Amino acid sequence: MAERATEYDELYRAHHAQVLRLCRLLLSDPDEADDVSQEVFLKLFRQHQLSGNTIAWGPWLTRVTVNACRDRRRSGWWKWWREHHQTFEEAEFPGHGRTPEQEVLSRERRREVWRSFQQLSSRQQEVFVLRHLEGFPTAEVAEILGVSPGSIKRHLYRAVHQMRKALGGLQ
Amino acid sequence: MNRCLSKRALLRAYLKEASGAEHAHLRLCVDCAGRYDALVDDLHAIDAILTTTPPPAVVTRRLSRWHMGWAPAAAFVVLLAAVASVISLHRPAPPPVPSRSTNVSAFAADVSLALFASADASDFPQIESAPSDLGAALEAGWACTQDGYFNGECNDQLSMLLFEESD
Chain F
10 MAERATEYDE
20 LYRAHHAQVL
30 RLCRLLLSDP
40 DEADDVSQEV
50 FLKLFRQHQL
60 SGNTIAWGPW
70 LTRVTVNACR
80 DRRRSGWWKW
90 WREHHQTFEE
100 AEFPGHGRTP
110 EQEVLSRERR
120 REVWRSFQQL
130 SSRQQEVFVL
140 RHLEGFPTAE
150 VAEILGVSPG
160 SIKRHLYRAV
170 HQMRKALGGL
180 Q
Chain X
480 MNRCLSKRAL
490 LRAYLKEASG
500 AEHAHLRLCV
510 DCAGRYDALV
520 DDLHAIDAIL
530 TTTPPPAVVT
540 RRLSRWHMGW
550 APAAAFVVLL
560 AAVASVISLH
570 RPAPPPVPSR
580 STNVSAFAAD
590 VSLALFASAD
600 ASDFPQIESA
610 PSDLGAALEA
620 GWACTQDGYF
630 NGECNDQLSM
640 LLFEESD
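Going line by line, the protein sequences match chains F and X. Quick note, the first sequence lines up with residues 10 to 180 if you use the working numbering. Quick note, the second sequence lines up with residues 480 to 646 if you use the working numbering.
The shape of chain F in the complex, shown without the other chains (with noise of 0.2 angstroms):
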């Protein structure tokens, strides 16, 4: 029993900040995030009581934590709330020097590349985080999206493409 609570803690310790950097994205939402990625590991916690160090635990987090985030966002006062009070909080972040103009710019890009993040499928933006940002394999990306490597290569292409213009948009 001691063992089984060790390596539940070396997990927890090993894939946290992923688990959450997963839903923070997904969400958009810190709040959410913390409270999806605690249910995503109560889920570990049982899995593992029943399972031991049998299953590969990377890819069954990823893989609970992507699907936990659709549940969050099907859910429908979840829906409600993002469309009627949605606001953009601006984060006060130490200018590093720049001037006026450049603050002001950078500040726009940033909210305009999250809001064209946010403007993608839900699947485009799974398939954009674990390929792209998370950096897994395409077939892995597939396996755990249950879709085809080829649906996941198109998916990533209108991702990048929608991304890229929101950001030459202010170029």
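I should point out that these hints are in silico values taken from the structure, not numbers from a laboratory. What you are looking at is a predicted structure, and each value in this text was computed from that prediction instead of being measured. Even for Gly, the Cβ is constructed at its ideal location relative to N, Cα and C. Treat each hint with caution, since some may be false.
Keeping only pairs whose Cα atoms sit at most 20 angstroms apart, straight-line, the calculated SDA-like set for lysine to any residue is [stated by the list, open to error]:
#1 F/Lys52 to F/Val73
#2 X/Lys495 to F/Thr147
#3 X/Lys495 to X/Cys483
#4 X/Lys486 to X/Leu522
#5 X/Lys486 to X/Cys508
#6 F/Lys174 to X/Leu518
#7 X/Lys495 to F/Gly144
#8 X/Lys486 to X/Ser498
#9 F/Lys52 to F/Glu16
#10 X/Lys495 to F/Gly159
#11 F/Lys174 to F/Ser131
#12 F/Lys174 to F/Ser115
#13 F/Lys174 to X/Gly513
#14 F/Lys174 to X/Ala527
#15 F/Lys162 to X/Ala492
#16 F/Lys174 to X/Arg487
#17 X/Lys486 to X/Glu501
#18 X/Lys495 to F/Glu149
#19 F/Lys52 to F/Arg79
#20 F/Lys174 to X/Ala524
#21 F/Lys52 to F/Leu20
#22 F/Lys162 to X/Arg487
#23 X/Lys495 to F/Ser157
#24 F/Lys174 to X/Val519
#25 F/Lys162 to X/Lys495
#26 F/Lys174 to X/Thr530
#27 X/Lys495 to X/Leu505
#28 F/Lys52 to F/Ala26
#29 X/Lys495 to F/Glu143
#30 X/Lys495 to F/Pro146
#31 F/Lys174 to X/Tyr493
#32 F/Lys162 to X/Asp521
#33 F/Lys52 to F/Arg81
#34 F/Lys52 to F/Trp69
#35 F/Lys52 to F/Thr63
#36 X/Lys495 to X/Asp520
Just some of the chain X residues that point at chain F, by a computed CB distance under 7 angstroms [unchecked claim]:
#37 Arg487
#38 Leu490
#39 Asp521
#40 Ile525
With chain F held as given, fit chain X onto it using these hints.
Structure of chain X alone, referenced to chain F:
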């Protein structure tokens, strides 16, 4: 490979999924190398923004002007309409208002009945016992005259009432 690489091929090259020919072309073609560098710069900029800046967050329950202005008003109007319809459904129908000619003829019939009816005379309550003085007066005529009353010939109450008042 002489043709320049498509955007998809450039992305494949970035993801290290391009074919050998595509990689070879990329090394030789200045134009494609420039486009590739632009793609890499853009993707790095996007990565930096998405991974180092916080995502948009919900800060307030700020409602749009439309929601502020019209939604509550519309809801209020709908509520009023619902209440009014419920009240109108449950209120009893008012009695029909008779026309003026109907009123006049009904009144005339009442007056006529009151003045000229005789068939129902027996229905009215009869005076069972008239005062004895009155009865006596009716049966035997006036028993007393005014002069007689004042001369003390009669001393009944009816005579007193009649003659004292008339004085």
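For each hint, the structure was consulted:
no. : hint                 : verdict
1   : F/Lys52 to F/Val73   : 8 angstroms, holds
2   : X/Lys495 to F/Thr147 : 11 angstroms, holds
3   : X/Lys495 to X/Cys483 : 18 angstroms, holds
4   : X/Lys486 to X/Leu522 : 13 angstroms, holds
5   : X/Lys486 to X/Cys508 : 14 angstroms, holds
6   : F/Lys174 to X/Leu518 : 11 angstroms, holds
7   : X/Lys495 to F/Gly144 : 11 angstroms, holds
8   : X/Lys486 to X/Ser498 : 14 angstroms, holds
9   : F/Lys52 to F/Glu16   : 15 angstroms, holds
10  : X/Lys495 to F/Gly159 : 15 angstroms, holds
11  : F/Lys174 to F/Ser131 : 18 angstroms, holds
12  : F/Lys174 to F/Ser115 : 16 angstroms, holds
13  : F/Lys174 to X/Gly513 : 17 angstroms, holds
14  : F/Lys174 to X/Ala527 : 17 angstroms, holds
15  : F/Lys162 to X/Ala492 : 12 angstroms, holds
16  : F/Lys174 to X/Arg487 : 15 angstroms, holds
17  : X/Lys486 to X/Glu501 : 12 angstroms, holds
18  : X/Lys495 to F/Glu149 : 15 angstroms, holds
19  : F/Lys52 to F/Arg79   : 16 angstroms, holds
20  : F/Lys174 to X/Ala524 : 13 angstroms, holds
21  : F/Lys52 to F/Leu20   : 13 angstroms, holds
22  : F/Lys162 to X/Arg487 : 9 angstroms, holds
23  : X/Lys495 to F/Ser157 : 18 angstroms, holds
24  : F/Lys174 to X/Val519 : 14 angstroms, holds
25  : F/Lys162 to X/Lys495 : 13 angstroms, holds
26  : F/Lys174 to X/Thr530 : 19 angstroms, holds
27  : X/Lys495 to X/Leu505 : 12 angstroms, holds
28  : F/Lys52 to F/Ala26   : 16 angstroms, holds
29  : X/Lys495 to F/Glu143 : 15 angstroms, holds
30  : X/Lys495 to F/Pro146 : 10 angstroms, holds
31  : F/Lys174 to X/Tyr493 : 18 angstroms, holds
32  : F/Lys162 to X/Asp521 : 18 angstroms, holds
33  : F/Lys52 to F/Arg81   : 15 angstroms, holds
34  : F/Lys52 to F/Trp69   : 11 angstroms, holds
35  : F/Lys52 to F/Thr63   : 16 angstroms, holds
36  : X/Lys495 to X/Asp520 : 16 angstroms, holds
37  : Arg487               : 5 angstroms, holds
38  : Leu490               : 6 angstroms, holds
39  : Asp521               : 5 angstroms, holds
40  : Ile525               : 5 angstroms, holds
Figure legend: structure checked against the earlier numbered hints; every hint is met.
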